[in-house]
Amino acid sequence: MKAQFFTQLAASHPVLRDHVRLGAETSTSTANGAVSGNNGLRGVASSFAVLDAYLPWQGWPAGAMTEIMTDASGCGELSLLLPAMARLTQQKRPILCIGAPHELFAPALAQTGVDPDYVTQIHSASSSSKHFKENLWSAEQALRTGLPGIVVLWTPAHSILTPEILRRLHLASLAGAGNAPAATTPPVLIHFRGASSMSQPSPAWLRFGYAADDAHIRLQIIKCRGRELTRPLITLDRAAVQARLYRQRVASQLLDSTVEFGITSLPHINAATQYASTTFAVIAANATHEAKEKSGRANTQPSHSEDQHATHPPISTSTAH
Amino acid sequence: MWLAVHVPHLPLQALSDSIQQSVPALIFDRVGRRDVVIACTRIAAELGVKPGLQLAEAHALSNQLVALPRNPGRETECLQHLANVLAVLTPNIHISDDFGLLLEVGSSRALFDGYEKLLRNAIVLVDAQRLRANHVLAPTARGARWLAKAHRELLIEEQIDEWLDDLPVRCMDIKPDLIKALGELNLHFLSSIRRIETAELNQRFGTELTMALDHAYGKVSWSLPFWKPAQAFHQYVEFLELVTDQQHWWPGVSVLLHQLQEFLRLRSQAAISVLFSFSNGRQQTSQLSLASAHGIHLASEWLRLLQAQLERSSIHHEISRIDLFCSDSKALQVQALDLFDQHRNRQQIWQSLLDLLTARIGMQYLLLKPRNHQSALPESRSIASSPPSSGNATSLRPTWLIDPPRRLYGDTLRRLRHSLVLRQPERIETLDGNTSADQVNAVHRDYYIAIAERHSYWWVYRERATDCWFLQGIFA
Chain A
1 MKAQFFTQLA ASHPVLRDHV RLGAETSTST ANGAVSGNNG LRGVASSFAV
51 LDAYLPWQGW PAGAMTEIMT DASGCGELSL LLPAMARLTQ QKRPILCIGA
101 PHELFAPALA QTGVDPDYVT QIHSASSSSK HFKENLWSAE QALRTGLPGI
151 VVLWTPAHSI LTPEILRRLH LASLAGAGNA PAATTPPVLI HFRGASSMSQ
201 PSPAWLRFGY AADDAHIRLQ IIKCRGRELT RPLITLDRAA VQARLYRQRV
251 ASQLLDSTVE FGITSLPHIN AATQYASTTF AVIAANATHE AKEKSGRANT
301 QPSHSEDQHA THPPISTSTA H
Chain B
1 MWLAVHVPHL PLQALSDSIQ QSVPALIFDR VGRRDVVIAC TRIAAELGVK
51 PGLQLAEAHA LSNQLVALPR NPGRETECLQ HLANVLAVLT PNIHISDDFG
101 LLLEVGSSRA LFDGYEKLLR NAIVLVDAQR LRANHVLAPT ARGARWLAKA
151 HRELLIEEQI DEWLDDLPVR CMDIKPDLIK ALGELNLHFL SSIRRIETAE
201 LNQRFGTELT MALDHAYGKV SWSLPFWKPA QAFHQYVEFL ELVTDQQHWW
251 PGVSVLLHQL QEFLRLRSQA AISVLFSFSN GRQQTSQLSL ASAHGIHLAS
301 EWLRLLQAQL ERSSIHHEIS RIDLFCSDSK ALQVQALDLF DQHRNRQQIW
351 QSLLDLLTAR IGMQYLLLKP RNHQSALPES RSIASSPPSS GNATSLRPTW
401 LIDPPRRLYG DTLRRLRHSL VLRQPERIET LDGNTSADQV NAVHRDYYIA
451 IAERHSYWWV YRERATDCWF LQGIFA
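From first to last, the protein sequence lines are chains A and B. Numbering of the first sequence is given in my numbering, commencing with residue 1 and proceeding in unit increments. Numbering of the second sequence is given in my numbering, commencing with residue 1 and proceeding in unit increments.
In case anyone wonders, no lab produced these hints; they're calculated from the structure. No residue lacks a Cβ here, since even glycine has one placed at the ideal position from N, Cα and C. Be a bit skeptical, because a hint or two may be false.
[Unchecked claim] Ranges of calculated distance between the beta carbons of each label pair, as one might list FRET restraints: (1) B:HIS418 - A:ASP213: 48 to 54 Å; (2) A:GLN220 - B:SER268: 56 to 62 Å; (3) A:PRO163 - B:PRO425: 47 to 53 Å.
Sequences and hints are given; from them, build the entire structure.
Given below as structure tokens:
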């Protein structure tokens with residue numbers, strides 16, 4: 001009787017239909033990384049345990065727009081997306097990068113597991129107003145097909161995005177969800193915008209500000225559909241996001257200090273060189289077996305701390321308020 | 001067996017159907033020192049125009065007449081287009097400019113389950129081109145040709161002699177003087193000529209008449225050169241008036257693309273690229289090229305791409321003629337039409353999307369995949385198509401590439417030199433040859449990772465020859 005009442009209540013108004021959560025929360029994940037979260041919401045796992053655990057979609061929301069707002073460029077923001085991109089290209093899903101500030105470098109993509117053959121770039125390193133409009137048009141066209149795994153769109157910080165434009169992008173994402181082939185996740189739209197747009201309204205399902213220092217990456221959640229409006233701050237260890245870079249840095253520092261303190265301590269040199277070589281093996285092994293680990297976690301949803309240790313053992317931390 | 005397709009009033013029928021139906025047009029040609037009307041549309045005929053009138057006389061009848069000079073090239077193109085269409089019946093087609101087409105269809109009988117069905121197919125195909133034609137299927141080429149001038153539709157599988165005997169002499173394709181001479185001798189039908197001995201005919205008229213009769217009656221074979229279908233497509237439409245609005249010339253584009261579609265369909269091909277040329281009589285020409293990576297054979301798809309490109313770059317001048325060229329095509333992959341292969345269908349949709357994006361934003365802005373760069377040494381190596389295997393420690397590379405590398409100066413450079421992460425640089429150099437030129441062009445770079453402003457990591461290098469520093473990439 002109670003359930004029937006809430007069902008009727010939720011169906012009585014569109015707003016309630018979107019925000020009232022019915023029944024027990026369930027989440028399932030598949031071996032290909034596509035995750036079905038609360039109320040059947042579908043997402044693509046970001047591979048960052050803290051983030052996946054917080055988001056209702058267990059990852060980046062599929063068939064919807066995500067806005068990442070930052071004025072910084074080249075501070076690990078792309079690395080946040082690379083694990084999801086790698087997984088999707090392994091599934092032969094195309095990736096579309098539109099209006100990126102610079103050109104993507106194929107060897108770097110390959111090192112992170114992203115197959116460059118499935119990556120398409122449009123209007124790289126160009127931010128004229130004409131190209132800006134065409135970028136938006138291209139994103140809309142691509143999303144409507146429902147074929148890309150991820151569409152990553154960069155709009156210049158100074159550009160003005162009217163609510164109508166954002167609405168069109170959002171509707172294109174929804175249309176793509178309808179057109180997506182069976183048994184595949186709808187396209188994920190990641191929209192990089194300037195930090196000044198944090199105060200502007202947007203139909204995006206997930207919005208957060210992005211800031212990074214040398215040790216941490218902080219995600220200020222502005223909006224997350226399906227979560228309470230507490231605006232939590234999610235902190236990721238930057239060494240987890242840019243693992244290869246930081247491990248090489250650590251290895252280099254270890255080697256430097258070893259050489260500095262004398263050639264006599266041969267075991268230190270051996271340890272440093274061994275550490276430098278094995279780190280790559282660890283990272284590659286993590287990337288290769290991540291899907292298996294993910295599927296292994298599907299049946300039992302661990303707590304945040306357990307989950308983060310499962311994917312990135314030594315380097316991921318989480319705080320939220 | 002030969003199928004003769006006679007297209008009467010070819011100068012008029014070579015015009016577009018809309019002109020024939022809605023414009024009081026006439027075709028004139030130079031006869032001696034005068035321009036004489038040789039054909040006219042129905043509307044012009046209602047105004048009193050008829051073939052044989054002098055052009056000045058026709059203009060005196062109405063000032064609304066549109067007079068067009070005869071264009072033999074246009075007539076030939078019309079017949080070639082028809083040959084393209086009828087190539088589904090047989091590859092052996094002869095084009096006769098003053099008559100129409102002759103098709104050798106003997107080997108196509110089994111394919112079409114008999115000559116009657118083959119003839120029906122031919123009539124349907126010709127009607128679809130909105131051409132009025134006579135169709136005769138007969139055992140000899142010349143006999144079929146003569147009969148087609150007198151009969152609308154005829155099928156003679158054997159015994160052509162009786163049909164030919166009843167033909168008037170004017171149906172023969174011999175010199176007009178010869179036909180006139182035969183008429184003066186009261187020889188008006190072929191049967192009357194055949195009653196005369198061959199030797200006497202040869203003596204009086206030369207061998208042309210007897211040879212023609214032998215060909216028609218099948219006593220001597222008649223060898224004809226066959227038309228070779230063009231590998232490249234070129235068609236055009238012309239407008240009677242200069243047009244500017246897209247809505248006025250768009251139907252012409254549509255007609256051209258449907259002709260291209262038919263051209264490709266007959267060859268089981270898909271076009272890789274097409275080129276439109278929009279011109280007028282004032283030497284103003286605009287060209288638009290469209291490309292498709294996987295090939296397109298449908299007119300509707302090309303129209304979609306053209307529409308996308310016109311939104312980017314429209315035609316700003318008046319147009320009197322549109323040409324469509326297509327020389328780049330490839331075999332249509334029949335297996336690509338598998339309705340049950342979802343993955344392949346997905347690829348096709350994705351390729352269509354890329355074609356659309358290319359048409360709209362231009363090829364130079366669409367990078368199908370991260371490129372190799374010749375200007376920067378590390379990037380000139382081949383791209384790893386698969387992720388590195390476990391344990392294969394490759395050098396770290398940045399996700400963003402700055403190309404061309406950005407020179408670093410002043411404070412930025414000073415700060416960077418104090419924030420190098422890797423004390424041991426990665427050295428990359430080119431020393432491929434021993435010649436002096438190779439020595440001059442050799443590149444020696446020491447690559448470092450440095451912490452820059454806002455906590456970003458840069459991939460910088462020092463050019464050893466000049467001791468200059470450059471930014472090559474960013475670890476985003």
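Hints versus structure:
With their beta carbons about 18 Å apart, B:HIS418 and A:ASP213 fall outside the hinted range of 48 to 54 Å. Between A:GLN220 and B:SER268, the C-beta spacing of about 59 Å keeps the proposed range 56 to 62 Å intact. A:PRO163 and B:PRO425 have their C-beta atoms about 50 Å apart, which keeps the hinted 47 to 53 Å range intact.
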